[in-house]
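Undergrad: If you want the building blocks of each chain, they are given just below.
4 protein chains.
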Amino acid sequence: MSKGTVVLAYSGGLDTSCILVWLKEQGYDVITFLANIGQDEDFEAARKKAESLGAKKVFIEDLRAEFVENFIWPAAQANAVYEDRYLLGTAIARPCIARRQVEIARKEGAQFVSHGATGKGNDQIRFELTCYALYPEVKIIAPWRIPEFYSRFHGRTGLMEYAQKHGIPVPTTPRAPWSMDSNLMHIRQNDTELFKIGSVKKLVLSSCTHIISTTNHAPADLYLMTKNPEDSPNDPDVLEIEFSHGVPVKVTNVKEGKSKDSPLDIFSYLNEIGGKHGVGRTDIVENRAIGMKSRGIYETPGTTILLSAHLDIETFTMDKEVRQIKRGLDIKFAEFVYNGFWYSPECEFLRHCIAMSQVNVEGKVQLSIFKGQVYILGRESPKSLYNEELVSMDVLGDYDPCDASGFIRISAVRLREHHRLQGYHGAKQ
Amino acid sequence: MSKGTVVLAYSGGLDTSCILVWLKEQGYDVITFLANIGQDEDFEAARKKAESLGAKKVFIEDLRAEFVENFIWPAAQANAVYEDRYLLGTAIARPCIARRQVEIARKEGAQFVSHGATGKGNDQIRFELTCYALYPEVKIIAPWRIPEFYSRFHGRTGLMEYAQKHGIPVPTTPRAPWSMDSNLMHIRQNDTELFKIGSVKKLVLSSCTHIISTTNHAPADLYLMTKNPEDSPNDPDVLEIEFSHGVPVKVTNVKEGKSKDSPLDIFSYLNEIGGKHGVGRTDIVENRAIGMKSRGIYETPGTTILLSAHLDIETFTMDKEVRQIKRGLDIKFAEFVYNGFWYSPECEFLRHCIAMSQVNVEGKVQLSIFKGQVYILGRESPKSLYNEELVSMDVLGDYDPCDASGFIRISAVRLREHHRLQGYHGAKQ
Amino acid sequence: MSKGTVVLAYSGGLDTSCILVWLKEQGYDVITFLANIGQDEDFEAARKKAESLGAKKVFIEDLRAEFVENFIWPAAQANAVYEDRYLLGTAIARPCIARRQVEIARKEGAQFVSHGATGKGNDQIRFELTCYALYPEVKIIAPWRIPEFYSRFHGRTGLMEYAQKHGIPVPTTPRAPWSMDSNLMHIRQNDTELFKIGSVKKLVLSSCTHIISTTNHAPADLYLMTKNPEDSPNDPDVLEIEFSHGVPVKVTNVKEGKSKDSPLDIFSYLNEIGGKHGVGRTDIVENRAIGMKSRGIYETPGTTILLSAHLDIETFTMDKEVRQIKRGLDIKFAEFVYNGFWYSPECEFLRHCIAMSQVNVEGKVQLSIFKGQVYILGRESPKSLYNEELVSMDVLGDYDPCDASGFIRISAVRLREHHRLQGYHGAKQ
Amino acid sequence: MSKGTVVLAYSGGLDTSCILVWLKEQGYDVITFLANIGQDEDFEAARKKAESLGAKKVFIEDLRAEFVENFIWPAAQANAVYEDRYLLGTAIARPCIARRQVEIARKEGAQFVSHGATGKGNDQIRFELTCYALYPEVKIIAPWRIPEFYSRFHGRTGLMEYAQKHGIPVPTTPRAPWSMDSNLMHIRQNDTELFKIGSVKKLVLSSCTHIISTTNHAPADLYLMTKNPEDSPNDPDVLEIEFSHGVPVKVTNVKEGKSKDSPLDIFSYLNEIGGKHGVGRTDIVENRAIGMKSRGIYETPGTTILLSAHLDIETFTMDKEVRQIKRGLDIKFAEFVYNGFWYSPECEFLRHCIAMSQVNVEGKVQLSIFKGQVYILGRESPKSLYNEELVSMDVLGDYDPCDASGFIRISAVRLREHHRLQGYHGAKQ
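Protein chains in written order, with full-length UniProt numbering: chain Z, 1 to 429; chain P, 1 to 429; chain E, 1 to 429; chain X, 1 to 429.
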């Protein structure tokens with residue numbers, strides 16, 4: 001008697017392979033789902049592996065175009081950055097994957113979904129909130145939070161033994177032994193992963209005390225998606241990105257004359273050029289959703305370029321005060337998305353508001369990509385609020401400088417009143 | 001009969017020299033004040049020039065240390081950035097200068113102050129709001145807003161003729177003919193200036209139409225404070241910046257072992273290293289205080305490094321929610337400062353709040369400076385909220401993963417209710 | 001030779017009558033425009049007066065329905081309150097009037113508009129920003145800011161003499177000698193007006209020093225739109241207001257069975273019932289747009305009821321987090337509107353966002369109106385997110401109380417970390 | 001062998017009495033703690049009851065003065081209101097009680113604390129977050145979340161039987177059978193409680209469907225702290241409240257000449273007068289911390305008066321822009337407090353910022369209390385920024401009306417640019 005059907009988010013790696021077998025052991029029928037969101041993976045090998053381990057059905061789906069259009073693009077419109085530095089590569093991928101996973105669960109009549117995210121991280125939250133939001137009756141099996149599972153498989157050795165016992169292939173290459181997250185947007189390595197990789201790579205991290213862990217420089221070969229700027233080309237690439245409604249509709253390599261115009265191609269090309277020049281590396285300590293601080297090392301080449309260009313064309317075409325309101329919404333949006341609420345009334349509302357703000361965000365931005373850096377070179381737009389004549393010192397146009405005197409004096413009324421009562425007492429700050 | 005005494009913010013350049021003479025012509029006694037805030041200037045030559053043009057008194061004062069400690073440091077605590085990109089180098093310098101200028105005016109019994117800022121820019125506002133805030137009864141003479149002045153001197157030719165007629169030395173080198181702003185924090189060149197420089201330098205900017213003006217790439221020799229990254233060293237410098245209360249108290253060049261520990265030395269050294277590696281160049285279109293968009297090209301090497309390091313140590317040592325509130329205050333602070341309100345009840349309040357948030361912002365950040373880019377390498381702090389054990393996947397410690405299930409399910413209550421009523425209807429975004 | 005045509009916002013009172021004649025004296029053709037936005041006025045008498053004083057054309061238009069639907073309704077959706085207390089009755093009326101005025105100016109080929117607002121108030125700003133936003137080329141004549149006008153007519157005597165000389169009828173009743181603002185939304189009396197009324201009414205305000213002016217209680221007969229609660233009925237009226245998309249679509253007097261369902265009728269009825277029970281009186285000191293504080297005494301009966309009911313149905317039907325974001329937008333909206341920016345990119349954007357948030361704000365609110373107070377009695381909605389079963393203590397339903405333990409422990413992770421490092425040291429707040 | 005010592009927050013009522021006995025049954029030593037925070041309770045009877053039920057120690061402490069000074073006063077400085085209507089009477093009391101409870105636990109060497117809050121409410125969160133924040137190692141026993149407890153005692157019958165069996169006195173009066181919250185600030189009755197009371201009171205609430213529950217009017221005798229306004233005095237009381245640093249330092253009944261000047265006396269007197277006139281009743285549906293909506297009926301007489309008066313004196317003495325920033329902090333503060341984070345880094349930070357904003361919030365407010373309503377009559381302050389001369393229409397003073405023209409024209413630059421590009425197309429909103 002089956003306990004029911006589980007749709008498992010399957011990565012093809014050691015841990016979700018073990019989970020697959022373990023779920024069967026617990027009496028479930030298991031359907032695996034592997035989303036292609038741009039990670040470097042042998043999907044056919046993963047299919048065979050899942051089948052050989054007893055998956056009832058195996059779904060492998062290419063969500064890359066959808067990921068770009070429905071997730072990366074809205075995030076770009078929102079200039080989505082968490083805590084001023086993290087570009088949300090993982091946070092945005094989770095709802096894309098989980099959305100499809102619950103669709104499969106509904107279609108296949110599965111009451112359960114499962115995943116391999118750990119119990120201390122953000123991903124479990126992003127994953128499960130999406131599931132609950134889109135399939136409220138679903139039951140979630142998170143083995144890394146189930147004591148029988150995590151106390152049994154704690155540490156790599158437990159998993160290895162279990163794998164050997166159950167004929168689960170064990171990776172012989174040491175790369176990414178756990179759950180390094182890689183997708184079209186970025187590669188993330190965090191705390192745990194960093195050390196694992198370190199140890200596997202025989203780096204001497206012998207005294208990983210509290211302080212050393214966050215001071216320890218990232219090893220050069222940790223980076224997979226971006227060239228070391230020290231080794232990157234000595235000639236910049238110059239790109240022109242064309243926007244409409246706040247999303248890129250074309251990217252052109254100005255020197256080479258080459259251009260791309262489908263969302264997936266555009267984004268992939270930004271990744272390629274960014275990666276080539278070592279753009280988008282960041283090493284940060286961030287605040288997780290569950291209130292602990294965590295170190296993450298990210299490579300986000302394409303999004304780094306895109307963010308730069310979007311900020312530029314947006315400021316160029318958007319009214320000052322609208323920009324300021326919208327910027328407040330952007331920041332909230334990034335926080336909600338980081339915390340797992342992509343599918344929520346608040347994010348839905350924010351996406352609508354933000355999309356509305358992008359109606360006139362169109363035009364072209366030229367930028368140079370060189371040695372890890374993005375330089376904006378210039379921009380043009382049919383919708384720009386920039387007015388050369390208005391701004392010029394040589395042309396007064398419709399502008400009367402005397403007005404500024406009144407403007408300033410009126411702005412000072414409040415300051416003078418404040419002084420009258422409180423006083424600044426000379427040099428006081 | 002004198003109309004009274006004017007303290008003129010004197011730059012030593014053509015336009016404020018003409019203003020000096022013109023004010024005398026109008027019947028005022030003129031005291032000139034020239035602040036050294038780190039610009040590249042021959043102060044003694046300026047003194048002689050002012051004296052020879054009839055200044056009653058000449059004040060030249062070195063405000064560099066004060067500028068760093070009382071202006072740049074509080075801005076660093078606030079991660080002060082306007083519209084996500086402009087580091088406020090001019091906006092922060094104006095109140096520093098004007099504060100001293102009104103002190104001199106009070107001391108010298110002058111009822112008037114004057115300056116050479118134009119009638120379309122931000123600087124007139126920053127300058128005058130400071131004056132009104134600290135010396136409410138002061139009268140301001142802004143010649144570029146007085147029709148008799150600006151219609152007479154409109155364009156360079158008028159000024160040149162006036163200069164020749166009145167024995168005002170005319171610069172023979174074409175550099176910075178107007179009011180390019182340069183100080184310890186940055187060099188700014190904006191719209192007008194850009195074109196002037198261009199034309200003086202014989203760049204062919206023949207068709208400066210609306211679109212071309214903002215698309216036109218900045219000429220390579222426009223940059224004065226930073227090396228072109230293409231020509232900068234092929235070896236990074238590695239710095240360690242030590243913070244206390246959110247401000248740097250020491251900077252060490254890790255390879256060279258050299259270190260600085262006074263505010264002015266620290267900041268100057270950050271400028272030196274940043275400039276050497278081409279750090280801090282930005283080309284933006286920003287929204288001016290008076291509602292027009294304007295292009296600015298900035299070089300801000302030291303502050304760019306400092307901002308990176310401060311963001312890092314702050315996030316490392318500050319509680320997540322405090323950070324979020326404080327970030328909101330930062331953004332408001334930057335807006336107020338940009339708009340000229342450094343000396344205002346609101347900025348005073350914000351500075352107090354922000355300073356209070358910095359009590360535990362202490363520790364060391366290591367960073368690498370290379371080819372225009374700043375890379376954070378690691379950080380350590382006795383006040384860090386980072387907890388290696390808590391975050392580790394191998395150690396549960398005091399953390400029960402089951403709690404996360406409850407956390408997520410409670411967080412989902414609202415989402416499921418929303419679904420119940422509105423529904424997401426499958427693939428809907 | 002005419003200097004051109006002016007469309008004058010004409011109130012029928014002494015000052016705009018004098019302005020009419022004065023504008024003619026200055027050589028302009030004058031078209032008068034008088035908007036009926038619900039003030040108590042003899043419109044036909046005003047027409048005759050304007051004609052007799054030489055208006056080239058007289059426009060008198062009933063904008064009441066438009067005022068309710070396009071101005072009061074969006075403000076209600078935004079729960080628009082300035083500084084927590086002022087319901088924006090004047091601020092919302094100005095753009096409604098000025099919008100029509102510039103339409104007339106365009107249609108009649110007038111290059112000028114004029115108004116009787118003073119040079120220290122908010123209304124000049126609200127009026128003129130609307131004009132510039134909708135008719136950027138318009139020239140504005142604001143006599144109370146023109147030295148020849150205001151120095152000549154300063155104080156009531158100057159106007160009276162001018163009126164007598166030019167055959168302008170002088171009001172014999174002393175009520176509202178200046179510009180008390182009255183419309184469908186409210187009656188406002190502020191600083192100046194209050195004193196004027198006072199003096200005319202022979203109240204002994206002999207020592208109107210700084211402190212007395214704001215401590216001085218409003219005289220009982222100052223109120224025109226609302227009954228004194230001490231004299232209001234001893235029986236409450238019970239209303240049921242039905243909302244759709246966040247605006248009222250029907251109001252029913254539950255006891256009397258009477259109901260209204262057109263916007264103007266609904267709003268007028270709320271005013272009637274509110275006024276009958278003394279609802280909506282407020283005496284505040286507010287911060288004007290131009291940085292001074294000013295006392296205002298307001299009567300806003302209908303809007304006070306509407307705000308209460310809308311807040312209730314909104315909270316009942318809107319997701320918690322959406323509400324919080326939307327509340328931030330509301331507050332900004334009220335500030336912009338107060339400061340005169342109804343017609344601006346930012347208010348346009350905010351109105352769109354807010355309208356979007358109202359899609360599910362529907363249902364019925366019952367409330368009791370009694371002695372100056374509005375009591376919410378209950379509410380119902382087909383779109384409510386209230387879930388009786390979920391909230392019940394007797395029914396667990398789909399809710400597992402154990403989840404709350406996890407939720408709380410995870411929420412406490414951050415607090416415990418904070419304690420670990422900083423400590424609260426026992427009783428410290 | 002004892003499992004350890006538990007400090008139980010004991011109310012003297014049925015459920016915490018059962019918990020006391022049940023905890024003993026489970027093998028714990030139980031210390032009871034009953035805080036007097038102003039609720040109507042026979043504390044000596046509660047002491048005897050606890051002792052007779054086997055409490056090892058009984059703590060009964062009068063926290064009223066501390067509650068007023070350290071909790072109600074800071075909330076008043078923050079104008080603390082949740083979702084625009086709830087004055088946080090319960091939310092503020094919880095940390096006051098729990099703080100003392102963990103102090104006792106530490107002092108008595110107890111590893112456990114316990115309480116009778118239910119598993120769906122806010123109070124469990126407020127209670128426990130305080131405990132974890134101040135005593136991170138504490139273990140919490142929340143019986144209403146422990147399946148063995150809540151499945152055994154679910155519903156009143158279970159508790160009654162258990163009580164009878166264990167000699168726990170059962171209340172014979174039907175008042176507040178469950179956990180109606182009453183303290184110095186307010187009395188709260190919510191969803192569940194409302195129905196319970198209803199049923200006990202034999203109200204026919206036979207068809208408590210979803211809609212009826214929130215439409216059902218509160219029965220008149222539900223209110224305990226405030227008179228029905230219909231029966232309240234026909235003469236207002238006029239109070240003068242004097243503030244210093246944003247908190248009341250004296251209240252005077254103007255007619256009676258009576259005054260109070262200790263915090264507890266002041267607050268109690270505000271409650272008395274407010275209660276006498278039926279002030280502070282609200283019936284709302286609010287969003288709980290855990291994402292469900294819940295109906296609450298509140299009586300908060302003193303705080304309602306205080307909030308009105310504080311808002312008035314604050315606006316009178318605080319700069320416009322500071323007020324706006326501070327208002328944003330207030331709103332965040334109220335949200336955090338509602339959600340249980342009184343003792344958190346963020347609330348600590350906000351309290352400091354808010355306190356700093358109150359330095360000049362001093363002066364006197366006169367108000368009239370009548371039939372459920374608070375009317376501000378006037379205010380005075382030595383620190384007011386109100387400037388009668390500046391605001392007067394008759395005196396220009398230092399103010400030049402022409403400045404307003406410039407102010408408006410500069411403010412319109414942006415609007416005209418927007419029109420130039422987008423256009424409002426006439427009547428468009």
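Calculated directly from the structure, the hints in this document are not laboratory data. Heads up, a few of these hints could be off.
Copies of the same chain look alike in the list, so a pair counts if it fits in one copy or across any two.
Listed below are the simulated DSS-like cross-link pairs for lysine-lysine, each with C-alpha atoms no more than 30 Å apart in a straight line [what the hints assert, rightly or not]:
1. Lys260 to Lys383
2. Lys139 to Lys383
3. Lys139 to Lys227
4. Lys57 to Lys332
5. Lys383 to Lys332
6. Lys276 to Lys255
7. Lys383 to Lys107
8. Lys107 to Lys48
9. Lys24 to Lys260
10. Lys3 to Lys260
11. Lys56 to Lys258
12. Lys276 to Lys139
13. Lys383 to Lys24
14. Lys364 to Lys227
15. Lys24 to Lys139
16. Lys24 to Lys255
17. Lys276 to Lys332
18. Lys227 to Lys165
19. Lys139 to Lys250
20. Lys3 to Lys56
21. Lys332 to Lys250
22. Lys48 to Lys227
23. Lys383 to Lys276
24. Lys255 to Lys227
25. Lys57 to Lys383
26. Lys139 to Lys107
27. Lys250 to Lys165
As the structure is a prediction and not an experimental result, all values here were calculated from the model.
Undergrad: Going back to the hint list, which numbers does this structure go against?
TA: Checked against the structure, the hints that fail are numbers 3, 4, 9, 10, 11, 12, 13, 16, 17, 18, 19, 22, 23, 25 and 27, while the rest are satisfied.
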